[in-house]
Amino acid sequence: MIRVKNPQDFWAGLLFIAFGAAALWFGRDFPVGTAMKMGPGYLPLYLSWGVVGIGAFVTLRALAIEGPAVEPSRIRPQVFILLAIVVFGLMIERFGLAPAVAVIALIASFASYEMKIIESLMLAAGLAAASILLFIYLLAQSMDPWAWNI
Amino acid sequence: MDVFQNLAAGFGAAATPWNLLFCLFGCLIGTLIGVLPGIGPIATIAMLLPITFGLDPLGALIMLAGIYYGAQYGGSTTAILMRLPGESSSVVTCIDGYQMALKGRAGSALAIAAGGSFFAGCVATVLIAAFAPILASFAEQFRSPEYFALMLFGLVAAVVLANGSVIKAVGMVILGLLFGLTGTESQSGMVRYTFGVPELYDGIDFVPLAMGLFGFAEIMTNLDRKEGARVLAAKIGSLLPTREELHRSMPAVLRGTTMGSLLGILPGGGAVMSSFAAYTLEKKLSKRPQEFGHGAVEGVAGPESANNAGAQTSFIPLLTLGIPSTPVMAIMVGAMTIQGIAPGTAIITDRPDLFWGMIASMWLGNLMLVIINLPMIGIWVRLLQVPYRLMFPCILVMCCVGAYSISSSTFLVTLMAGFALLGYVFAKLGCEAAPFLLGFVLGPLMEENFRRSMVLSFGDPSIFVVRPISATILVATLGLVLLIVLPQFRKTRDVAFQE
Numbered sequence: 001m002i003r004v005k006n007p008q009d010f011w012a013g014l015l016f017i018a019f020g021a022a023a024l025w026f027g028r029d030f031p032v033g034t035a036m037k038m039g040p041g042y043l044p045l046y047l048s049w050g051v052v053g054i055g056a057f058v059t060l061r062a063l064a065i066e067g068p069a070v071e072p073s074r075i076r077p078q079v080f081i082l083l084a085i086v087v088f089g090l091m092i093e094r095f096g097l098a099p100a101v102a103v104i105a106l107i108a109s110f111a112s113y114e115m116k117i118i119e120s121l122m123l124a125a126g127l128a129a130a131s132i133l134l135f136i137y138l139l140a141q142s143m144d145p146w147a148w149n150i
Numbered sequence: 001m002d003v004f005q006n007l008a009a010g011f012g013a014a015a016t017p018w019n020l021l022f023c024l025f026g027c028l029i030g031t032l033i034g035v036l037p038g039i040g041p042i043a044t045i046a047m048l049l050p051i052t053f054g055l056d057p058l059g060a061l062i063m064l065a066g067i068y069y070g071a072q073y074g075g076s077t078t079a080i081l082m083r084l085p086g087e088s089s090s091v092v093t094c095i096d097g098y099q100m101a102l103k104g105r106a107g108s109a110l111a112i113a114a115g116g117s118f119f120a121g122c123v124a125t126v127l128i129a130a131f132a133p134i135l136a137s138f139a140e141q142f143r144s145p146e147y148f149a150l151m152l153f154g155l156v157a158a159v160v161l162a163n164g165s166v167i168k169a170v171g172m173v174i175l176g177l178l179f180g181l182t183g184t185e186s187q188s189g190m191v192r193y194t195f196g197v198p199e200l201y202d203g204i205d206f207v208p209l210a211m212g213l214f215g216f217a218e219i220m221t222n223l224d225r226k227e228g229a230r231v232l233a234a235k236i237g238s239l240l241p242t243r244e245e246l247h248r249s250m251p252a253v254l255r256g257t258t259m260g261s262l263l264g265i266l267p268g269g270g271a272v273m274s275s276f277a278a279y280t281l282e283k284k285l286s287k288r289p290q291e292f293g294h295g296a297v298e299g300v301a302g303p304e305s306a307n308n309a310g311a312q313t314s315f316i317p318l319l320t321l322g323i324p325s326t327p328v329m330a331i332m333v334g335a336m337t338i339q340g341i342a343p344g345t346a347i348i349t350d351r352p353d354l355f356w357g358m359i360a361s362m363w364l365g366n367l368m369l370v371i372i373n374l375p376m377i378g379i380w381v382r383l384l385q386v387p388y389r390l391m392f393p394c395i396l397v398m399c400c401v402g403a404y405s406i407s408s409s410t411f412l413v414t415l416m417a418g419f420a421l422l423g424y425v426f427a428k429l430g431c432e433a434a435p436f437l438l439g440f441v442l443g444p445l446m447e448e449n450f451r452r453s454m455v456l457s458f459g460d461p462s463i464f465v466v467r468p469i470s471a472t473i474l475v476a477t478l479g480l481v482l483l484i485v486l487p488q489f490r491k492t493r494d495v496a497f498q499e
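Protein chains in written order, with the numbering used here: chain A, 1 to 150; chain B, 1 to 499.
Be careful, since some hints might not be right.
[To be verified] Here are the simulated DSBU-like pairs of lysine-lysine, each with C-alpha atoms no more than 35 Å apart in a straight line:
{"id": "1", "chain 1": "A", "residue 1": "Lys116", "chain 2": "B", "residue 2": "Lys428"}
{"id": "2", "chain 1": "B", "residue 1": "Lys103", "chain 2": "B", "residue 2": "Lys284"}
{"id": "3", "chain 1": "A", "residue 1": "Lys5", "chain 2": "B", "residue 2": "Lys428"}
{"id": "4", "chain 1": "B", "residue 1": "Lys287", "chain 2": "B", "residue 2": "Lys428"}
Calculated from the structure, these hints are not laboratory results.
Here chain B stands alone, though its shape is the one from the complex (with noise of 0.2 Å):
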């Protein structure tokens, strides 16, 4: 089969006019709460998973992968001109972003910015053509242990790539994992902590737990803080860049996009971690580290490139190997399942125009996004300036109406007030409830997996240990775990999310 072949199909699928709009609209909304500070991805996402069950799942998946990518593109113009993090990515870019700003760059920094992310897109989606398909036929090598091996080593990057106290992200793993075990046990047919619920003998519904802990959590600590009137730092000035900035900014694009391609494959990766270690390289790399918090223009390239890159390869696990390696892919597994698809390497056997067009949308709507946000700059600023007591009634009616609206029980909606109060104490006590949301979905396939494989083996334990490939994956995790009880590594790991 010949990649430019499956590409051309793929952009026949993703090109008619209806998936066309679900790009546009994924990306506008994307690119809208990338702007706005406050709403992030994983909130906006789960938010929207109501709407999709009417669409296609093609349309479907391209608009909530828009979403995903449009808000790296955003999140940058609030950082430039308002040195508030607009995206959780973007808060490097705040740093000499802002700066630039404040010498009166900041239009040449958001460009700057909008053109590295392009670049980076289009790599990015060059490198999932590419190596997804070859990732996915090893994958078909593989059996339960594999996959239970390579579950275990995703949820221990996403322990080791968490912000903040290890320990206690280990402990929001569990805590997951223990909330996925909620419902009917396959095997024996037992149910167990359902307290007699009968919605929850299907498990936890994934929708209003997401919403809970992501959107209401959210706006409840942000509520917790003072509100102001969010002033704009300095004009926006022209959009080009001058001979030296581009000069500068070339490698640093170039770093970043391999840098934040590599990080987004690797489980617990994605778009945060890549912008951090980029800004960080960047640093190290520079001839002139002074410039560096005094608006130099690779400190915002590299960053922008890098979470924009990650924010797309961390698709590649999700759609070769059906493993989530962020609470985003962990949300857009969700979204397959209301649409019937099970997430894992048939995708691309069995729905070739689901892959190739999904693959072929992020192309094309990264093109929209350059356009979304260098001409249209100005309406994302007025926007702005929206008050925050007029947007989250505006979340909380969505959120409500959705979770409601997928089952028509008023169950979902109260248990959606019950994660939401979860959600917010989890906040106050730094408890990053990313890793929960990643136990959660990977519990029940764990658990799964282990039984099989235990099947398998006639119930001998070293089958993990004896099949090549699933004993590399738990050297790997092994390796892992033994980076974070190394001091050395916890220290550079302090300071990385420290900058």
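Bound conformation, chain A alone (with noise of 0.2 Å):
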């Protein structure tokens, strides 16, 4: 049985694997031409076997010698930034600056342990009255702190 002895390396290896196998099939049709009259294709081919070969390299010396672990993950805190900024994404234009602010405010804070709800809506109301502030009569950006658009 194989035992993976340094377990960032071994996955960093396979996600830089990932990347270039990508990059080398939605490459696949790009002209390549030569070094001396370069393809849109070239560098793109052999950085893309580049990285590959790295990530077989230390994923394979991942096998061989001992290594750090992965730490492990708190789920929460990354699900609710992510949530936080994909929300933000799909309400700035429906629902305007300052709702789409104060909501992800909130969204936000549920990704700390030691959260507090009073707290968190006095913040989220903070934030959304200072980034009209900021964004729209300072910086003058061309943002609806409110709107209806469904």
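Make the complex out of the two chains shown on their own, each in a separate frame, by following the hints.
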């Protein structure tokens, strides 16, 4: 049975291989050309193989040499942070700046295990007001403070 | 042209009320994020890029530069008082600075750190003023082969000086290069890796990439750890150093400044490397090496001067050659592009007001920083008590609204979420995002210069070795590569990063 001795490098290597393979696959139709007359596919081809090669090396080395483990992830903070960003993208044009900011500030504060609901509500309201002041009044960005385009 | 005349004009440009205000604002923000652990200058500058949209170019650059060197001042505060690096360039200051604080000499350590930084900042400003124009006029002979060689050198240096595994850093550079190729290819007009998304035709936008990889990934890894109240180690006490402390720190400041100025100019150098190198140097040269780790004042004076000198001189390659040598400088390229300025040799001749104004602002900024940091230290310490659970939603909101405001595109916001996840995975797997960012910025430039070189030589690759300057740079690059391979050097490099 093969044991992974360096989990960090093992997964990092696989990530490199995955990116390289994807770049090769999606770049398969680019004309490569020659070094003297480089086509648009020239650099992608060699860079992709380069990163695949490095990935393979790092992964194999991780089977032989001991290294650090991947620190355990907490699921809750990561989910709420990513959710907050995506929700902002969905809300900003439909509801405007203030509601979007307030909602994502609230969602984001759930990422912390120490959040207190009253405190978070106040922070959300404060950030909504501050972002209107900063982005719409001071920086004159063309954003609606409120909107209703569903 | 006279340097002093130019500098005077620069002071004229930098000392307008608005520019002074931008400078002060940048220094304040820089100090703030320097003091606060868990948010670095890369993320902050990326976060504020959208704000600089509405400013004039000089004001924008003055402010962003202020954030970078301001962070070097602020970082020492947290390092000395809490043994937490407020900034990665203050990691070594924790060692002896904190010990000094335990002995009741916190105030003196802070004063020496600020004083040393100020001295280093003044020297670095003069260095930039004196050497940047010379370097730029020299660089006017550069053509595509030289630029290609120089960028290659920069990337290799970034790999050598990256923290951690060399081979993974190479992988990250290549990955960054690949991401940089996204969009329309300049020669054939072919679109690459856009998956039919029109927002990607001009390439992946820099701002969501930098915010995601640095700002959000930072928040996400911080939240993985247990939050806890931050406690102050000691009272600040008197700010006045004793005569002996002064006597011992003076030479250390001089050495740190020299070291930082030199390493800052090198691609891949910058503030972090400078402070590590300065600490090692001080320990080696000291007559009392046993005191290091127990509150040796040289261990504060040297690195703190070095990181500020390094932060400032790392602007030299950017302002003279247009080549970003560190991730922070890569972001400055982003800022210049937003302002419609092409970084490169032409800045000094075409926009002297911009170049000299920025240099003058660095000196003014350093002066402001001493005042911001010493008498106002109490305010910053109180800010440290703001819990992280209130801080990160503010950062998140700033990033989201900022990314959206650049192009009013919700796609960029979603893209940012993708890069946040990617940056988090990178951090978990011990892959440094800094080489990735450099690869991303330099990728398209390198492709362009390589192609032009080939056109210049009618397809003969020997053009890179026939031209003396490009050959010299390539030899230096090869030397760097050999350095990595040599086991001796690897050992010292590992030791340097462990300390």
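Looking back at the hints listed earlier, which ones does the structure fail to meet?
4
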